[in-house]
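Engineer: Below, each chain spelled out in residue letters.
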Amino acid sequence: MTRYILKRILSGIFTIWVTTIAVTLLIHLVPGDPVQIMYAQSQSTTPEQLEQIRHQLGLDRPIYEQYLMYMSRLLQGDFGTTIRGRQPVLELLLGRLPNTLLLAFASLVITILVGVTAGFFAAHKRGTWVDTTLMTGAILGISIPSFWLGLMLMYIFSLRLGWLPVSGTDLKNLILPAMTLGLANAAAVSRLTRSSMLDVFTQDYIRTARAKGLAERMVLLRHAFRNGMVNVVNMLGLQFTYMMGGAIVVENVFAWNGIGRLAIQSIFQRDYPTIQGFILIFAAVVVTVSIILDILYAWIDPRITYS
Amino acid sequence: MVPPATTAQPTAPSLTQTSLNKARRFFSALLRNPGSRIGLFLCLVLVFTALFAPLLAPHSPTELGVGRALTPPNAEFWFGTDEFGRDLLSRVIYGSRLTLKVGLIAVGISMTVGVLVGLVAGYAGGWLEAILMRTVDVLFSFTETLIALAAVAVLGPSLTNAMIAVGISSIPYYARITYGAVLVEKNKEYFKAAQALGAQHGRLLFRHILPNILSPIIVIATVGVSIAVLSASALSFLGLGAQPPSPEWGAILAAGRDYFKTAPWITTFPGVAIALTVLGFNLLGDGLREALDPQQRQ
Amino acid sequence: MRRSSTPRFLSAPLKQLCFGLLAAAIPLSLAACSGESPKASDSGASTGTPQEGGSLVWARYGDADSLDPHRTTTTLSWQVFDQIYDTLLAFDDNGEVVPNLAEEWTVSEDGLEATFVLNPDIVCHDGTPFDANDVKYTAERAISEDNPSVTKGAWGPIETVEVVDPQTVKFQFSQPFGAFVSFMADPFSSQICDSAAELGDAFGVSEAIGTGPWKLVSWTKGDEIVLEKNADYQNFGRPISNPGAPYLDQLVIKQIPEPQTRLAGLETGELHVIAEPPLEELDAIESDHSLENYIATKTGQNVFFEFTVSRPPFDDKRARQAVAYAVDPEQAIDIVFGDVVKRERCPVARGVMGNDQDFCAQHGYDYDPEKAQELLAELGYGPDQPLEVTLMTWVGGNREKMVQVFQNQLAQVGIQADIETMDIGTLNARVKQENETKTGESTFDMMGWAWYDPDILHQLWASPGAYSGYQSPELDALLEKTRTTVNSDERLEAVKEAEKYLLENAVHVPLYTPGWLWIYTARDEVNGFKIGPFDRPLFNDVKLSS
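Protein chains in written order, with full-length UniProt numbering: chain D, 1 to 307; chain B, 1 to 298; chain C, 1 to 546.
FYI, nobody ran anything at the bench for these hints, they're computed from the structure. Please read all numbers here as calculations on a predicted model, not as lab measurements. The beta-carbon is built from N, C-alpha and C at its ideal position, and this holds for glycine as well. Hints may be right or wrong, so weigh each one.
[Claimed, not checked] 25 Å max Cα-Cα, derived BS3-like pairs, lysine-lysine:
1. Lys172/D / Lys261/B
2. Lys500/C / Lys371/C
3. Lys136/C / Lys152/C
4. Lys500/C / Lys342/C
5. Lys152/C / Lys401/C
6. Lys136/C / Lys261/B
[Said to hold, decoys possible] Not everything, but these chain B residues come out facing chain D in the computed CB check (under 10 Å):
7. Val120
8. Ala124
9. Leu128
10. Glu144
11. Leu146
12. Val152
13. Lys188
14. Val229
15. Phe237
16. Ile274
17. Leu276
18. Val278
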């Protein structure tokens with residue numbers, strides 16, 4: 001177990017390390033002169049000042065040196081400052097991150113509740129109209145773009161019914177974006193749950209339990225559901241990653257003030273330090289949460305082999 | 001599936017005499033499923049619309065209609081008009097071309113690069129394998145949205161860049177499948193035999209491994225089109241993809257947001273179009289998966 | 001309370017009348033051309049009594065770039081820092097300059113000296129007294145070579161700033177500079193307290209020290225700026241009736257990019273005031289008794305085309321003229337705005353000296369696609385070889401739609417325009433960058449500037465100009481004359497000469513006015529909201545009804 005955890009953590013660190021390299025290279029892949037693109041926005045920056053900025057950022061040095069500089073700054077918690085407004089990037093991102101995490105976890109809860117329930121019942125009532133209806137709903141669900149679903153929900157619940165606010169970053173405003181993101185992913189989860197439940201239903205121990213005359217409800221809950229859930233817990237990590245990715249889009253539909261919204265603004269403003277910081281923070285969060293969930297899974301499921 | 005030991009030039013299980021029969025069986029399996037029938041139908045509608053857009057569209061997709069802006073759907077404008085009085089139906093019809101293009105090019109990029117990476121990594125082994133597959137793992141641990149976003153951040157917003165970005169973001173799927181298949185095939189007797197007989201690397205890879213990964217790749221590519229369409233329209237919706245006056249569906253939706261309350265048809269029809277396209281490829285992908293891999297059928 | 005510059009009639013002829021009269025530069029009480037709106041008086045009955053205290057949320061499509069008045073020129077920025085800082089002088093409702101932080105001022109006969117005497121007992125947000133040293137600090141900071149100041153040009157040819165005594169400050173110029181006095185009423189000349197020097201890079205980002213009615217509490221970039229009332233505030237010249245601190249406790253300025261979302265937020269009561277409601281909803285808002293539209297009349301805004309002249313094809317006058325002939329701004333306005341904006345023919349804005357629509361129309365361009373095609377043919381472009389260009393503009397204010405109509409019109413004469421929209425800060429930078437590069441794609445842009453004086457032409461076009469764009473010795477001479485001529489009739493002539501040159505050479509192709517952040521919608525419980533001249537929202541008088 002300890003070895004497994006260690007291995008997971010090491011692979012996580014590796015992922016983040018590769019990301020830092022990618023992020024350093026990113027600025028060099030920009031067509032044209034990134035410094036000019038970024039800093040010309042301060043309007044009256046002279047060519048000499050640009051040269052000075054280039055020097056400060058180390059962009060006039062060999063790339064490996066730049067990378068080392070960037071890494072040593074990162075390790076000191078210095079992610080640079082935003083081009084517009086000159087705010088520390090890390091501070092800015094960490095200020096917004098809780099909002100994104102809140103949205104992602106709230107959506108994850110909805111995904112699990114709706115997706116698992118639907119998948120479980122579809123499997124339980126396999127081949128009946130319940131199954132057909134739920135699975136038709138699921139395939140429709142994975143086909144609907146989240147931004148469109150978001151607009152439709154906003155149209156119905158905010159504009160027509162007036163039940164929920166349209167945008168903002170208060171708790172009350174969380175409902176619609178979390179529903180949008182949660183439902184979009186619930187469709188995929190219900191499909192996965194259904195097939196993993198079908199596997200479980202055909203297992204011997206379920207047949208045995210049934211043969212022993214255990215009440216159907218008991219069989220379902222005690223055995224089938226619990227075992228089926230192991231697979232669901234297994235995919236939590238991946239689902240969380242999807243939530244984080246989906247949050248980028250949904251935040252922009254509902255003006256939810258998370259890092260995804262900030263990222264889009266930064267792209268429009270060519271604010272590369274912020275974009276770099278965003279990618280790193282995103283990677284760090286996704287990797288960390290995945291590791292935690294994987295370890296939890298390993299801890300819950302005694303069958304797992306730590307290879 | 002071990003080839004006859006007597007042949008000097010070993011042959012892999014491939015599409016030869018039985019291929020016709022196989023194809024027939026495959027199609028009948030595919031069409032037995034109502035879901036894949038619907039999927040195939042939707043995909044064909046998209047292709048048909050894209051090919052014959054100029055004949056199908058009742059109006060010009062770009063011509064401004066002074067005085068008829070924001071007309072609700074009626075007999076002349078079935079889908080209504082947008083904020084410039086342009087015919088929304090015609091725009092959605094022309095948009096299908098972009099959607100199809102996005103789907104095909106993005107999938108083309110991710111499939112070509114992904115399969116190559118998988119082949120090289122699996123076959124070469126050693127440090128090249130380590131670097132390539134670890135990179136794929138890293139890509140895999142982020143979502144398509146993030147990778148696409150990073151790519152657009154570098155390349156700048158445009159539909160072409162969005163296609164490339166979406167293409168890059170799906171590379172890991174193909175790379176992993178191919179890589180896995182290569183590892184399996186590499187250890188099979190016929191492969192070792194062929195290698196021992198001095199068959200050329202490239203030939204070996206293409207003749208023996210590609211046919212084996214064809215089925216899963218077809219399935220992934222089909223579903224991949226739906227993912228590409230979704231991702232690209234999301235990028236356009238965020239303003240990072242197609243730029244005006246492009247009738248790309250995500251871009252129409254984004255522009256229609258301003259008229260969300262007064263003219264909901266502008267956001268409705270392109271939204272339905274995206275959903276149906278994605279649905280079509282998803283259903284077809286599901287159907288293909290079942291038809292190609294009977295074991296997985298449930 | 002809603003008098004002054006905020007008539008609510010969308011199609012009222014009164015507004016045109018205002019514009020017309022202002023254009024003729026006749027001092028006219030603006031109150032006369034706005035009037036009390038009929039609904040304003042009905043609606044008062046339906047709401048409770050206005051009360052002091054509370055927090056008001058004002059939402060706009062974008063965020064400020066900086067709260068350092070020398071680092072940005074965007075309306076989104078100065079509309080915020082105008083709340084935090086104050087100016088030596090102010091514009092009254094008629095757009096006339098009146099005392100503000102300075103209780104009096106004198107300009108020497110030769111126009112080379114301007115002296116300001118400050119009001120006593122003005123206190124900075126950090127508690128330090130505001131005196132002549134602060135004025136000197138601000139001016140020197142604005143024109144310093146070490147400071148990347150973007151307003152340098154507007155301050156004119158300042159030679160020295162002298163502290164005569166703590167209440168008196170004297171500016172000396174190397175040349176007469178007629179626009180200086182009115183510049184002292186513009187937010188670009190916002191007075192910064194010299195204690196700001198100690199803040200270093202935090203100034204304008206997380207901290208700001210001024211003497212204005214509101215103090216900066218926090219700024220969450222891209223989301224909201226929180227201001228609290230400055231309890232020590234004294235008003236001397238702003239066109240409001242409250243002489244002291246604002247009645248509200250807090251002013252929150254939020255960024256909400258989507259017009260529909262802003263409106264929905266207003267409807268649900270999350271927001272109190274929004275800038276730029278969705279234009280297609282204006283009629284619906286009019287008939288909604290809980291909402292009010294406020295339209296700024298005297299904005300000084302001018303939206304125009306300008307071209308990247310550092311390379312072909314727009315280094316050739318004929319290419320610029322072809323674009324000017326190819327577009328039909330009237331049709332575009334009709335499709336996109338209806339009657340809330342007007343066609344503009346002059347390079348200076350309506351209400352500003354030199355804005356003479358007939359004169360400018362004579363030297364400008366009417367929609368003439370054939371003419372455009374002829375010019376293009378001369379340059380070697382035709383059906384087989386279309387001119388490919390990029391048209392840039394900044395986001396918001398339905399400009400994305402305007403450029404799409406222009407794109408369509410340009411296509412009809414064989415100019416293929418790609419559209420790029422970006423935020424205003426990026427556009428400002430991009431245009432300058434394009435002008436400074438000799439190679440690259442052919443670009444032109446739809447830009448907007450607001451200024452209260454024809455000196456705008458000097459700032460934009462005197463070499464090297466705001467964007468390093470079109471430059472010529474001839475134009476420089478004409479523009480110099482508009483600065484150094486003190487006699488106002490002669491100055492008017494000089495301004496018109498400069499305008500004629502800009503128009504005939506298709507350097508500055510005027511399109512429409514106003515162009516951005518000129519329509520506001522407020523909830524009914526907001527009492528006392530006002531838009532001062534040149535589009536300055538004022539919250540000092542605001543009380544919320546319970």
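Engineer: Take the hints in turn and mark each one as holding or not.
Structural biologist: Outcome of the hint check:
1. Lys172/D / Lys261/B: holds (22 Å)
2. Lys500/C / Lys371/C: Roughly 20 Å between the alpha carbons, so the hint for Lys500/C and Lys371/C holds.
3. Lys136/C / Lys152/C: Status holds; Cα separation ~14 Å.
4. Lys500/C / Lys342/C: holds (20 Å)
5. Lys152/C / Lys401/C: Given pair Lys152/C, Lys401/C is violated - Cα atoms ~33 Å apart, limit 25 Å.
6. Lys136/C / Lys261/B: violated (52 Å)
7. Val120: violated (18 Å)
8. Ala124: Check failed: Cβ of Ala124/B comes no nearer than 20 Å to chain D, outside 10 Å.
9. Leu128: Interface hint status for Leu128/B: violated (16 Å vs cutoff 10 Å).
10. Glu144: holds (7 Å)
11. Leu146: holds (6 Å)
12. Val152: holds (7 Å)
13. Lys188: violated (23 Å)
14. Val229: Since the shortest Cβ distance to chain D is 9 Å, the answer is holds.
15. Phe237: holds (5 Å)
16. Ile274: holds (5 Å)
17. Leu276: holds (8 Å)
18. Val278: holds (4 Å)
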